[in-house]
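Q: Okay, here's what each chain looks like letter by letter:
Protein chains: 4
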Amino acid sequence: MSHNSFGHLFRVTTFGESHGIALGAIVDGCPPGIALSEADIQGFLDKRKPGQSRFTTQRREADDVKILSGVFTDAEGRQVTTGTPIALMIENTDQRSKDYGEIANKYRPGHADYVYEAKYGIRDYRGGGRSSARETAARVAAGAVARKVIPNVSIRGALVQIGPHKIDRARFDWAEVERNPLFCPDAVMAAQWADYLDGVRKAGSSIGAVVEVVAEGAPAGWGAPLYGKLDADLAAAMMSINAVKGVEIGDGFASAELTGEENADEMRAGPTFLSNHAGGVLGGISTGQPIVARFAVKPTSSILTPRRTIDRAGNETEIVTKGRHDPCVGIRAVPVGEAMMACVLADHFLRHRGQCG
Amino acid sequence: MSHNSFGHLFRVTTFGESHGIALGAIVDGCPPGIALSEADIQGFLDKRKPGQSRFTTQRREADDVKILSGVFTDAEGRQVTTGTPIALMIENTDQRSKDYGEIANKYRPGHADYVYEAKYGIRDYRGGGRSSARETAARVAAGAVARKVIPNVSIRGALVQIGPHKIDRARFDWAEVERNPLFCPDAVMAAQWADYLDGVRKAGSSIGAVVEVVAEGAPAGWGAPLYGKLDADLAAAMMSINAVKGVEIGDGFASAELTGEENADEMRAGPTFLSNHAGGVLGGISTGQPIVARFAVKPTSSILTPRRTIDRAGNETEIVTKGRHDPCVGIRAVPVGEAMMACVLADHFLRHRGQCG
Amino acid sequence: MSHNSFGHLFRVTTFGESHGIALGAIVDGCPPGIALSEADIQGFLDKRKPGQSRFTTQRREADDVKILSGVFTDAEGRQVTTGTPIALMIENTDQRSKDYGEIANKYRPGHADYVYEAKYGIRDYRGGGRSSARETAARVAAGAVARKVIPNVSIRGALVQIGPHKIDRARFDWAEVERNPLFCPDAVMAAQWADYLDGVRKAGSSIGAVVEVVAEGAPAGWGAPLYGKLDADLAAAMMSINAVKGVEIGDGFASAELTGEENADEMRAGPTFLSNHAGGVLGGISTGQPIVARFAVKPTSSILTPRRTIDRAGNETEIVTKGRHDPCVGIRAVPVGEAMMACVLADHFLRHRGQCG
Amino acid sequence: MSHNSFGHLFRVTTFGESHGIALGAIVDGCPPGIALSEADIQGFLDKRKPGQSRFTTQRREADDVKILSGVFTDAEGRQVTTGTPIALMIENTDQRSKDYGEIANKYRPGHADYVYEAKYGIRDYRGGGRSSARETAARVAAGAVARKVIPNVSIRGALVQIGPHKIDRARFDWAEVERNPLFCPDAVMAAQWADYLDGVRKAGSSIGAVVEVVAEGAPAGWGAPLYGKLDADLAAAMMSINAVKGVEIGDGFASAELTGEENADEMRAGPTFLSNHAGGVLGGISTGQPIVARFAVKPTSSILTPRRTIDRAGNETEIVTKGRHDPCVGIRAVPVGEAMMACVLADHFLRHRGQCG
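Protein chains in written order, with the UniProt record's numbering: chain L, 1 to 357; chain C, 1 to 357; chain D, 1 to 357; chain B, 1 to 357.
Please keep in mind that the hints were generated in silico from the structure rather than gathered at the bench. In this text, all values refer to a predicted model and were calculated from it rather than measured experimentally. From the three backbone atoms N, C-alpha and C, an ideal C-beta is built for every residue, glycine too. Heads up, some of the hints might be wrong.
Claimed, not checked - EDC-like, lysine to aspartate or glutamate: derived pairs with alpha carbons at most 16 Å apart:
id, chain 1, residue 1, chain 2, residue 2
1, B, LYS49, B, GLU91
2, L, LYS148, L, GLU61
3, D, LYS202, B, GLU91
4, B, LYS47, B, GLU176
5, C, LYS322, C, GLU102
6, C, LYS148, C, ASP64
7, D, LYS47, D, ASP64
8, C, LYS49, C, ASP64
9, D, LYS148, D, GLU38
10, D, LYS66, L, ASP64
11, L, LYS166, L, ASP195
12, B, LYS322, D, GLU261
13, L, LYS47, L, GLU61
14, D, LYS66, D, GLU38
15, B, LYS148, B, GLU38
16, D, LYS47, D, GLU76
17, L, LYS47, L, GLU178
18, L, LYS202, C, GLU261
19, C, LYS322, L, GLU261
20, B, LYS66, C, GLU91
21, L, LYS49, L, GLU178
22, D, LYS66, D, GLU91
23, C, LYS166, C, ASP195
24, B, LYS47, B, ASP74
25, L, LYS66, L, GLU102
26, L, LYS47, L, ASP74
27, L, LYS66, D, GLU91
28, L, LYS322, C, GLU261
29, C, LYS202, L, GLU261
30, D, LYS322, B, GLU261
31, D, LYS148, D, GLU216
32, B, LYS202, D, GLU38
33, C, LYS66, B, GLU91
34, D, LYS49, D, GLU178
35, B, LYS49, B, GLU178
What the hints assert, rightly or not - Counterexamples of contact, computed for chain L against chain D with all Cβ distances above 10 Å:
id, residue
36, ASP40
37, ASP74
38, ARG130
39, GLY199
40, ALA203
With the sequences and hints as input, model every part of the structure.
A: See the structure below:
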């Protein structure tokens, strides 16, 4: 990962600001001959799209993706990838004209305002500019292409914690994730969360969350020692998502409390494993078991309660962030986490095939 | 990070197996004119070296580093970097001759044995080969060079949890870290851990841990959106260390339970922050506050209790790992975590200077 | 350089096919605070644009560039770069609907048709797809941004040979380059070339050429040993342009005939050099003298004379390439060569500043 | 290519100075299971080794290569690659103690002395330091590994021009290359060159040369548009060799004088080509024909004739370079050019397999 690109053989570069003309991604290194249309991508974008429930920002964006290059309709009429870079563009349509005076001149605590300005001497303050979660639309689009590269791998995400409220693992049901707007795999908790979030939203506050992404079907052998470990790439990928403050694989931080006996995933013929504390990755290489990543999303810094801050001139002041915001940005991070998992796995699939045939 | 290299302008490539002839690192992109001798590096290696207390493996390695290139004694007699690649080599001296029959033919649960063989069709089973924690000596050597690149940044690490036993934050004292062999910043807990680890060691078992690394003195502005975020690079760097299963920045996973009001690090003139939930990184860019990273280290898989496994032919069997092992590999991960922090920060310092002057 | 990206700190990724919806580039790593508007880029694109004289393809493209991201209008009303990725898009407007039957099924000798299909199993045959010289518009746009990064460096190109006809060095005049449509620095030769090319064009043939690009104003010290040499990057950059078959720096191939005495660029106080056989680069690092690169452009493979070839089924056949083509693609390669020089120098300026301050 | 590394999947990083302790290379990404011993590499190093005839420097170096990592003796007793980084080290043995006073304080015209100091503020002047041709031993060692990755590709080099004396293509005979110390494929010219070089050597002068490298057996499809073109990578690779000032593929600069009719390599069933003006590369992708690269090597700057120069303080002075030097460094560049061709092809073989299966 460097600057605005990630991946090695399946390489994604994104561009765009929240309130610019357009945002998008170039997917470079995609294998040729894969059927790919805008519809294949649109479904995933729609899942991430804001304004679909009262729990996400009310900003309205069509988020229509356009494929600018890299696909071709062959003699049989199938639209397939050609092996050349696939440029994906999403035009910004809801750039509500407004007065950015307050945000333009003050730094929102917990937001990237201050550091962008400290680094660059300038920042595009309209809607957060490059640091806006809007950029994740480009990731989701790229992830949709990545899934096509590894069609036998199923990648699914869910929200497993909002604030102090964790799901009950015994009630975990992937089918349930599709049934509620919170991507919650626990029907009971989904209802509780809805109530809880209504309170957060009405208070003009926000709350953190934890997302879990699971990939099933990847064979043993993907990944590479030591600085190209599958889990190192996953950690970077997840940590690059807005507002993410922690990443873990398998038992993650809980493994600090385990003994060697407890942590060992014993093996039987097959080969098969009797447990998956490792989360599908050992020594940076996939084991063939489900690959399990979790990441923590902090609460959005855009809240209605006044916070102490400074302005660009260094004077002490206060700020309140009005406007359309997510009470829990972790919700919309679910499809984004899936997309990042897909991109990392597609990259490692190609890299493994390159080195090991 | 790709394959066995990491960093972009300050770029480190490591090589070597546990029981090969030598291991080492090439540090490429180091600025010229920096005073650097083997002694500057040796001190950090000694801190990581095994066999210094009863709590680490009894393997005896001199871990003497040799600088093969990239430094030159100038007219004033100072040995300084020249800007060309700095090759660092550590010869393996304690390659105890032994029968690897059991490890050669069976996969240790929780170890990389199985996946290396699944990926490559072959593995160097002597002491874990490339997947051995011994490789971290190369990281520590590279980290010593990195510290010289950013002399105004202080980088310190500590062990903050072993098994279920966490330090008391109220007793946190960096000076204490130097006084006990467990890198524990809490004198009371250091004594308790010693007893606890004696039990673990005598039982032939192992236990997980959590390491915290803090960098002070880095200015605001290091890092880069969005796939070159400072915290994304830190996450990858820490996750690339052997046995690490989770990484967090600042409040990390705890931020999932925070409200926007609680999480916001308010600002006052200075500029200064009234808290550091962010752990010194916002939007992937340093804030000027201490940069705080924590990572979870799983228990080593080398234990005396028999575990069920399979052999190379796929037959079901059991395995016991004899030999000299760390009851808690998290201990020696402390200087390794510091080294990775140093390398990532040196890289981002140079990258920032490159783009922004 | 890898896949469709080049550069290390100033990094350009291009996308797009000849007859797709759009083509463009993402410029990543550009320093912030640089004034940049579409007009700054358009002038260079116009210079490269086809259809401006009878000596280039009659395809009509507006080649209007749109900046999609990475610039912002600051408080003083200046539109400046923000340090985030600059996406540049050029829509394809003259995608003349036609029957591609012949090109779709046969391979043009000397063209990339056969190898794209051998590699990918599919090719976008419309106008050459990704292998079309049309992609160079994206390079020229990126080059315009690069020039802004190194405003004190002047970069100029000229055509110095068409077929067997070389310019007279004694008549070399940069001002003349602006006065004729062939970018010829020799007024006498410009007239001769015009007559010569009329003959080539009327015969439905094509001819090769040599382009020279000179950068003045770069200080000593840009470049990096050994695989990031300034001239190695220039060689790759020029060779990546369509139809280029050779690159040389300074005396280039003529230096094979020189003795050490002749080749040595002696030095006097200043520091100054008494000659520039080296072409401004020694040991991969700039000397402070003009940087001189030349590259050979083969004749386009699109000619009216029938050539023997095979079809996709492997049957032997003949092909004639009708349509709008350049009798000498070397002409329009002049602004492209300038753009590549600009991008390489901007990248090495940033890299040097990163490592050496 | 960046800094001291090149290649993408088959990635080589070199280190070392002329008179340091050792030089070497790390080869990262090599496929596993390939038989590899030091003897496999030594043969190629011996070919490059100085002091083998009166036409090369009389410096005596054993150039014994040691494999430090990345190979393992498997159960069948075969020493094979494991897929982990292969570290190769060559110790410097002939670091003749001498007074470097003159070279230390003056810049040799045509040498990298001045620019290294301009860039870094310091230079290792002992034998040229990092800019010494001695570094090419590391390339040759890496190239020997690369050849093993693509065993069906034959890679051979020859010297085709020394000063104004070119070989007669009609007498080109690969077998002859092995019979004379000048790697000359033309027996008649070999004898003439020997006489000519005796004169150059006795005059304390030096002379330039042209090397040709040919790879046979690579299938169609290796390479990648547009900035990862096979020929762009070859151009960078060859230009990165010391003293190289020009690179061409196939007809190279001569193609500037060709018409489209002459240049087109017509095709017949097979598929087969009736000529190879393209030098085996079209659109950046291999055609299946022999891949032909040529590069020009300037005369070494180390000559006995006094040249005007300046000292470090900027004072005007003269310099004469005594010591053991090559009258024609182009000779020993032959095995180096072969090695670079091998590395580039191995990399593109793996990259192609990664993307296209």
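Q: Taking the hints in turn, state whether each one holds.
A: Comparing the hints with the structure gives:
Simply put, LYS49/B and GLU91/B have alpha-carbon atoms about 13 Å apart, close enough for the 16 Å limit, and the pair holds. Distance check on the hinted pair: LYS148/L and GLU61/L sit about 25 Å apart at the alpha-carbon level, beyond 16 Å; violated. Between the alpha carbons of LYS202/D and GLU91/B the distance comes to roughly 64 Å, so the proposed pair goes past 16 Å and is violated. Between LYS47/B and GLU176/B the alpha-carbon distance is near 15 Å, which keeps this suggested pair within the 16 Å criterion.
Taken as a hint, the LYS322/C and GLU102/C pair is honoured in the structure, with Cα atoms around 10 Å apart against an allowance of 16 Å. With a CA separation close to 19 Å, the supplied pair LYS148/C and ASP64/C exceeds the 16 Å bound. Pair hint LYS47/D plus ASP64/D holds up; C-alpha atoms about 12 Å apart against a cutoff of 16 Å. For the proposed pair LYS49/C and ASP64/C, the alpha carbon gap of about 10 Å is at most 16 Å, so the pair holds.
Only pairs whose Cα atoms come within 16 Å are accepted, and LYS148/D paired with GLU38/D is accepted, the gap being roughly 13 Å. Only pairs whose Cα atoms come within 16 Å are accepted, and LYS66/D paired with ASP64/L is rejected, the gap being roughly 19 Å. A threshold of 16 Å between alpha carbons decides the hint, and for LYS166/L with ASP195/L the separation of about 14 Å falls inside it, so the pair holds. The suggested pairing of LYS322/B with GLU261/D holds, with an alpha-carbon distance near 14 Å, which does not exceed 16 Å.
Our distance criterion of 16 Å between C-alpha atoms is met by LYS47/L and GLU61/L, whose separation comes to about 12 Å. A threshold of 16 Å between alpha carbons decides the hint, and for LYS66/D with GLU38/D the separation of about 6 Å falls inside it, so the pair holds. With a C-alpha separation of about 13 Å, the suggested pairing of LYS148/B with GLU38/B holds against the 16 Å cut-off. For the suggested pair LYS47/D and GLU76/D, the alpha carbons sit about 31 Å apart, so the restraint of at most 16 Å is broken.
Among the hinted pairs, LYS47/L with GLU178/L is consistent with the structure: their alpha-carbon atoms are about 10 Å apart, no more than 16 Å. About 14 Å separates the Cα atoms of LYS202/L and GLU261/C, which keeps this hinted pair within 16 Å; it holds. For the hint linking LYS322/C to GLU261/L, the alpha-carbon distance of about 14 Å falls within 16 Å, and the restraint holds. A C-alpha spacing of about 13 Å is found between LYS66/B and GLU91/C, which places the hinted pair at or below 16 Å, so the restraint holds.
For the proposed pair LYS49/L and GLU178/L, the alpha carbon gap of about 15 Å is at most 16 Å, so the pair holds. For the proposed pair LYS66/D and GLU91/D, the alpha carbon gap of about 9 Å is at most 16 Å, so the pair holds. For the hint pairing LYS166/C with ASP195/C, the CA-to-CA distance comes to about 14 Å; that is within 16 Å, so the pair holds. Only pairs whose Cα atoms come within 16 Å are accepted, and LYS47/B paired with ASP74/B is rejected, the gap being roughly 30 Å.
Distance restraint check for LYS66/L and GLU102/L: the Cα-Cα separation of roughly 34 Å exceeds the 16 Å cut-off, and the hinted pair is therefore not satisfied. With a C-alpha separation of about 30 Å, the suggested pair LYS47/L and ASP74/L falls outside the 16 Å cut-off, and the hint is violated. A distance of roughly 13 Å separates the Cα atoms of LYS66/L and GLU91/D; the hinted pair therefore holds under the 16 Å criterion. Between LYS322/L and GLU261/C the alpha-carbon distance is near 14 Å, which keeps this suggested pair within the 16 Å criterion.
A C-alpha spacing of about 14 Å is found between LYS202/C and GLU261/L, which places the hinted pair at or below 16 Å, so the restraint holds. Only pairs whose Cα atoms come within 16 Å are accepted, and LYS322/D paired with GLU261/B is accepted, the gap being roughly 14 Å. Restraint check for LYS148/D and GLU216/D: the C-alpha separation of about 15 Å stays at or below 16 Å, so the hint holds. Only pairs whose Cα atoms come within 16 Å are accepted, and LYS202/B paired with GLU38/D is rejected, the gap being roughly 61 Å.
For a cut-off of 16 Å, the pair hint linking LYS66/C to GLU91/B stands: about 13 Å separates their Cα positions. At most 16 Å may separate the alpha-carbon atoms for a hinted pair to count; LYS49/D and GLU178/D meet this at roughly 15 Å. About 15 Å separates the Cα atoms of LYS49/B and GLU178/B, which keeps this hinted pair within 16 Å; it holds. For ASP40/L, the shortest C-beta to C-beta distance to chain D comes to about 17 Å, beyond the 10 Å cut-off, and the non-interface label holds.
With 10 Å as the threshold on Cβ separation, the claim that ASP74/L sits away from chain D is violated: the shortest Cβ distance comes to roughly 6 Å. For ARG130/L, the condition that its CB be more than 10 Å from all CB atoms of chain D is violated, with the nearest at approximately 4 Å. At roughly 36 Å, the least C-beta separation between GLY199/L and chain D is larger than 10 Å, which holds for a residue marked as non-interface. Consistency note on ALA203/L: stated as away from chain D, and its beta-carbon is indeed over 10 Å from all of that chain's, at 33 Å minimum.
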